[in-house]
Amino acid sequence: MSQPKEIFVRLDRCVGCHTCEIACAVEHSQSKTLFSAISEHPVPKYRLYVEWVPPDQKLSILCRHCEDAPCVHACISGAISRTPEGVVITDEDKCIGCWTCVMVCPYGVIGRHLETHKAYRCDRCPDLDVPACVSACPTNALVYRTVEEFSVDRRQVAATEMLAGKGG
Amino acid sequence: MEYSEDILNKSIDPATQEMLARMKELGIETIWDRLEAMQPQCGFGELGVCCRNCTQGPCRIDPFGEGPQLGVCGATADTIVARNLLRMTAAGAAAHSDHGRDIAHTLLETGLGKTEGYEIKDEAKLMALAAEYGIETEGLSKEEIAVKVARVAYAEFGAQEGPLHFLGRVPKARMEKWEKAGLVPRGIDREIVECMHRTHIGVDHDYVNLTLHGLRTSISDGWGGSMIATEFSDVLFGTPKPLRSLSNLGTLKRDEVNIVLHGHEPTLSEMIVAAANDPELIALAKKLGAKGINLVGMCCTGNEILMRQGVALAGNFLQQELAIATGAVEAMIVDVQCIMPAIVNVANCFHTKIISTSPKAKFPGATHIEFHEEHAYTIAKQIVKEAVENYRARNKGRVHIPDVTMELMAGFSVEAIVAALGGSLDPLLNAIKSGDIKGLAGVVGCNNVKVKHDYGHVKLVENLIKENVLVVNTGCNAIACAKAGLLLPEAAEKAGEGLKGVCKALGIPPVLHMGSCVDCSRILVALAAVANALGVDISDLPVAGAAPEWMSEKAVSIGSYFVASGVYTILGTVPPVLGSKAVTELLTDGAEAVVGAKFGVATDPDEMSRLMIEHIEKKRESLGI
Numbered sequence: 001m002s003q004p005k006e007i008f009v010r011l012d013r014c015v016g017c018h019t020c021e022i023a024c025a026v027e028h029s030q031s032k033t034l035f036s037a038i039s040e041h042p043v044p045k046y047r048l049y050v051e052w053v054p055p056d057q058k059l060s061i062l063c064r065h066c067e068d069a070p071c072v073h074a075c076i077s078g079a080i081s082r083t084p085e086g087v088v089i090t091d092e093d094k095c096i097g098c099w100t101c102v103m104v105c106p107y108g109v110i111g112r113h114l115e116t117h118k119a120y121r122c123d124r125c126p127d128l129d130v131p132a133c134v135s136a137c138p139t140n141a142l143v144y145r146t147v148e149e150f151s152v153d154r155r156q157v158a159a160t161e162m163l164a165g166k167g168g
Numbered sequence: 001m002e003y004s005e006d007i008l009n010k011s012i013d014p015a016t017q018e019m020l021a022r023m024k025e026l027g028i029e030t031i032w033d034r035l036e037a038m039q040p041q042c043g044f045g046e047l048g049v050c051c052r053n054c055t056q057g058p059c060r061i062d063p064f065g066e067g068p069q070l071g072v073c074g075a076t077a078d079t080i081v082a083r084n085l086l087r088m089t090a091a092g093a094a095a096h097s098d099h100g101r102d103i104a105h106t107l108l109e110t111g112l113g114k115t116e117g118y119e120i121k122d123e124a125k126l127m128a129l130a131a132e133y134g135i136e137t138e139g140l141s142k143e144e145i146a147v148k149v150a151r152v153a154y155a156e157f158g159a160q161e162g163p164l165h166f167l168g169r170v171p172k173a174r175m176e177k178w179e180k181a182g183l184v185p186r187g188i189d190r191e192i193v194e195c196m197h198r199t200h201i202g203v204d205h206d207y208v209n210l211t212l213h214g215l216r217t218s219i220s221d222g223w224g225g226s227m228i229a230t231e232f233s234d235v236l237f238g239t240p241k242p243l244r245s246l247s248n249l250g251t252l253k254r255d256e257v258n259i260v261l262h263g264h265e266p267t268l269s270e271m272i273v274a275a276a277n278d279p280e281l282i283a284l285a286k287k288l289g290a291k292g293i294n295l296v297g298m299c300c301t302g303n304e305i306l307m308r309q310g311v312a313l314a315g316n317f318l319q320q321e322l323a324i325a326t327g328a329v330e331a332m333i334v335d336v337q338c339i340m341p342a343i344v345n346v347a348n349c350f351h352t353k354i355i356s357t358s359p360k361a362k363f364p365g366a367t368h369i370e371f372h373e374e375h376a377y378t379i380a381k382q383i384v385k386e387a388v389e390n391y392r393a394r395n396k397g398r399v400h401i402p403d404v405t406m407e408l409m410a411g412f413s414v415e416a417i418v419a420a421l422g423g424s425l426d427p428l429l430n431a432i433k434s435g436d437i438k439g440l441a442g443v444v445g446c447n448n449v450k451v452k453h454d455y456g457h458v459k460l461v462e463n464l465i466k467e468n469v470l471v472v473n474t475g476c477n478a479i480a481c482a483k484a485g486l487l488l489p490e491a492a493e494k495a496g497e498g499l500k501g502v503c504k505a506l507g508i509p510p511v512l513h514m515g516s517c518v519d520c521s522r523i524l525v526a527l528a529a530v531a532n533a534l535g536v537d538i539s540d541l542p543v544a545g546a547a548p549e550w551m552s553e554k555a556v557s558i559g560s561y562f563v564a565s566g567v568y569t570i571l572g573t574v575p576p577v578l579g580s581k582a583v584t585e586l587l588t589d590g591a592e593a594v595v596g597a598k599f600g601v602a603t604d605p606d607e608m609s610r611l612m613i614e615h616i617e618k619k620r621e622s623l624g625i
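Residue numbers (the numbering used here), protein chains in the order written: chain A, 1 to 168; chain B, 1 to 625.
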């Protein structure tokens, strides 16, 4: 079985421009265009968040779609499930807005929509081949890869650094 | 020829399509490739809600309401959007007005006998300007008068109290509106400086106050700097008269030295035209195996030398890289504005020399031969010689010139239009009253790589003339229309019956080319003349404006002075203001209560023409015609 892709964040790349947030909200709007999306109701919501770690570090945080997701276990109305592709989703019809998922999520990436009274989160952009945030990221801080692909890159970097250390 | 969907979506112009295919084959990057690589572009910037005016920022307002709604200083989205727009207006007005200053400088130096190669070609216009400026001319030579006229114009830039002399041309009702709203400019430079002051951290935060100052600044451009540029260019180089020429990339010649003149100011280009006719240089070209020297224009410099000298137009803004990629250009000579630094990269793939000439505008990788009026002809000859000598380096095997040209008629200054009408505006006014001509439209502005090249320009103009709207145009729109054959008297066949009849009777095209982008001031003069003849305000006239493919800050200033002057103006690409509902509403609605006109935004040319014609019909109704 082929490995599913994940949205990975390259920790040293984020410049804090918030472009991923804009792209996410537009992709989750009715019109899918920025100029119209900003006037829509319900207000389109972005589902990833650029966090700032003082003094100068920035990082985009989003749902990890955990294999053993605390939110799936915690949801008392059975609204949260996992698709065959491995995406953790919230069924809006079943969500009762108790915010239990918010309490158990270790990343704090589940939002509350004040107009729909439902919980929302990253859905990996089911209509797109590559999620909107990944396509939008101007520095390629966000990448859409399998764990294996991502790890190979990490190993390459680690190996290079180790050998450089040996030489020096 | 058949092209991919991808190329057909980029441009409607066959020469452009052919060169895009050619450049793809050669693996040379174009502006379209860079736009694609730049996607997606920053949404905060697109909405105008990003502020970098102090280093406590950059700040941006979250358009979805979740993140910050105030900048670090407390600026709202309304303040930030209005400040950013004002800075765009300032830059646009500065570009036009500095161009005007340069022309005034040339006239001054020419009057003082310090220039080489220039003369006063339109003495009648010089005398008319002297009269308008209240200069006593009795017993003075034309050079002495030129000095006095140029000094008055110089003083307009530094004026502190105003009003500018050309505001005497503004209809009375319009001046009253401006006085009431505090929109009368006090000086050309002063308004631009004040834009920068107001947008500094902690100064003007009221979006209405900021936007009104933008209108005042734009008036100092349209009725000030740009008008000086136009009028003084006419004095020095002659007021344009109708003439015929050719357009598009097929004007480049396989067996001649090709020189492309690109940029804006006629001070340089007029001298290059003269130098290219120098027998000594033509002989040199022939000695090197070329049949002669072929000069073509691009962008507004192209319009300037077309209008006065009949020099062929190679193309508009989006064709500058393509011209070089023909492999047939010995030199592209540039001065200021709308010249992409990327032309140097394309030139590096060929033998082409990019020759920059302005001390204000240098291009890394280009050859810089600085142009000064004192030695204008000598320098122009040196530049042309560089080009001619470079013919030896041309690789004839790589030459690829699209066999695409179109005839055109241009040269419609206000004076030329009046002459075509038989010496007075009456035939035009009568045609408007009778309904043969439904109204007038000024269609101007740039190319913008974000929209299909020339499509909005050509489609909108075709729609308008079909509905009996006489079109006047400038800048890249005029070049787009030239290439589409709309600047020919024969294009009257594409017009509605009424307009067709008028064009045929007068032997004019239904689309009148009035010049470069500073020559939008000619449109203001024409509108004022029509309004004054009818005893009404410009905002009462059945007229509308449009910039279907605009992109530059100059276009922001032009659009603003048209609206400030009372002309409903449609923007074909969305300005970076949507991040503030208040500013958007002010521009597209509230402005009407202040200046009797507003902006419209429509990206589809059919929608643009519908809005313009609806407006024109409403105005006809109000006038009772």
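Hints may be right or wrong, so weigh each one.
[As the list claims (entries may be wrong)] Straight-line C-alpha distance at most 20 Å; calculated SDA-like pairs for lysine to any residue:
#, chain 1, residue 1, chain 2, residue 2
1, B, Lys-121, B, Asp-204
2, A, Lys-58, B, Gly-67
3, A, Lys-32, B, Pro-576
4, A, Lys-58, B, Gly-182
5, A, Lys-32, B, Thr-76
6, B, Lys-581, B, Glu-614
7, A, Lys-32, B, Glu-66
8, A, Lys-58, B, Lys-450
9, B, Lys-581, A, Pro-138
10, B, Lys-450, A, His-41
11, B, Lys-581, A, Ser-31
12, B, Lys-450, B, Lys-581
13, A, Lys-58, B, Gln-56
14, A, Lys-58, B, Pro-576
15, A, Lys-118, B, Glu-66
16, A, Lys-58, B, Pro-58
17, A, Lys-32, B, Pro-58
18, A, Lys-58, B, Asp-604
19, B, Lys-581, A, Cys-105
20, A, Lys-32, B, Gln-41
21, B, Lys-450, A, Lys-118
[To be verified] Simulated coverage check for chain A against chain B, where a stretch passes if three residues somewhere in it have a Cβ under 8 Å from a Cβ of chain B:
#, segment
22, 96 to 103
23, 148 to 162
It is worth saying that the hints were derived from the structure and are not from the lab.
These numbers were taken from a predicted model, which means no experiment stands behind them.
All C-beta atoms, glycine included, are put in the ideal place defined by N, C-alpha and C.
Consistency of the hints with the structure:
For the proposed pair Lys-121(B) and Asp-204(B), the alpha carbon gap of about 46 Å is over 20 Å, so the pair is violated. Only pairs whose Cα atoms come within 20 Å are accepted, and Lys-58(A) paired with Gly-67(B) is accepted, the gap being roughly 15 Å. For the given pair, Lys-32(A) sits about 18 Å from Pro-576(B) by alpha-carbon distance, which is consistent with the 20 Å threshold. For the suggested pair Lys-58(A) and Gly-182(B), the alpha carbons sit about 46 Å apart, so the restraint of at most 20 Å is broken.
For a cut-off of 20 Å, the pair hint linking Lys-32(A) to Thr-76(B) is broken: about 25 Å separates their Cα positions. With a C-alpha separation of about 25 Å, the suggested pairing of Lys-581(B) with Glu-614(B) is violated against the 20 Å cut-off. For the suggested pair Lys-32(A) and Glu-66(B), the alpha carbons sit about 18 Å apart, so the restraint of at most 20 Å is met. A threshold of 20 Å between alpha carbons decides the hint, and for Lys-58(A) with Lys-450(B) the separation of about 31 Å lies outside it, so the pair is violated.
With a C-alpha separation of about 28 Å, the suggested pair Lys-581(B) and Pro-138(A) falls outside the 20 Å cut-off, and the hint is violated. With a C-alpha separation of about 28 Å, the suggested pair Lys-450(B) and His-41(A) falls outside the 20 Å cut-off, and the hint is violated. Annotation: proposed proximity of Lys-581(B) to Ser-31(A) holds, straight-line Cα distance about 18 Å (limit 20 Å). Only pairs whose Cα atoms come within 20 Å are accepted, and Lys-450(B) paired with Lys-581(B) is rejected, the gap being roughly 24 Å.
For the suggested pair Lys-58(A) and Gln-56(B), the alpha carbons sit about 17 Å apart, so the restraint of at most 20 Å is met. Our distance criterion of 20 Å between C-alpha atoms is broken by Lys-58(A) and Pro-576(B), whose separation comes to about 27 Å. Taking the CA atoms of Lys-118(A) and Glu-66(B), the gap is about 16 Å. The hint holds against a cut of 20 Å. Proposed proximity of Lys-58(A) and Pro-58(B) is supported: the alpha carbons are some 15 Å apart, at most 20 Å.
Using a Cα cut-off of 20 Å, the hinted pair Lys-32(A) and Pro-58(B) is violated, with the two alpha carbons roughly 27 Å apart. Using a Cα cut-off of 20 Å, the hinted pair Lys-58(A) and Asp-604(B) is violated, with the two alpha carbons roughly 40 Å apart. The hinted pair formed by Lys-581(B) and Cys-105(A) fails the criterion: a straight-line CA distance of about 36 Å is larger than 20 Å. Under the criterion of a C-alpha separation no larger than 20 Å, the hint pairing Lys-32(A) with Gln-41(B) is consistent with the structure, at around 15 Å.
Distance check on the hinted pair: Lys-450(B) and Lys-118(A) sit about 38 Å apart at the alpha-carbon level, beyond 20 Å; violated. Interface restraint, the segment 96 to 103 of chain A with chain B: violated (0 residues with C-beta to C-beta distance below 8 Å; minimum three). Evaluation of the coverage hint for the segment 148 to 162 of chain A: breached, as 0 residues show C-beta separations to chain B shorter than 8 Å, against a requirement of three.
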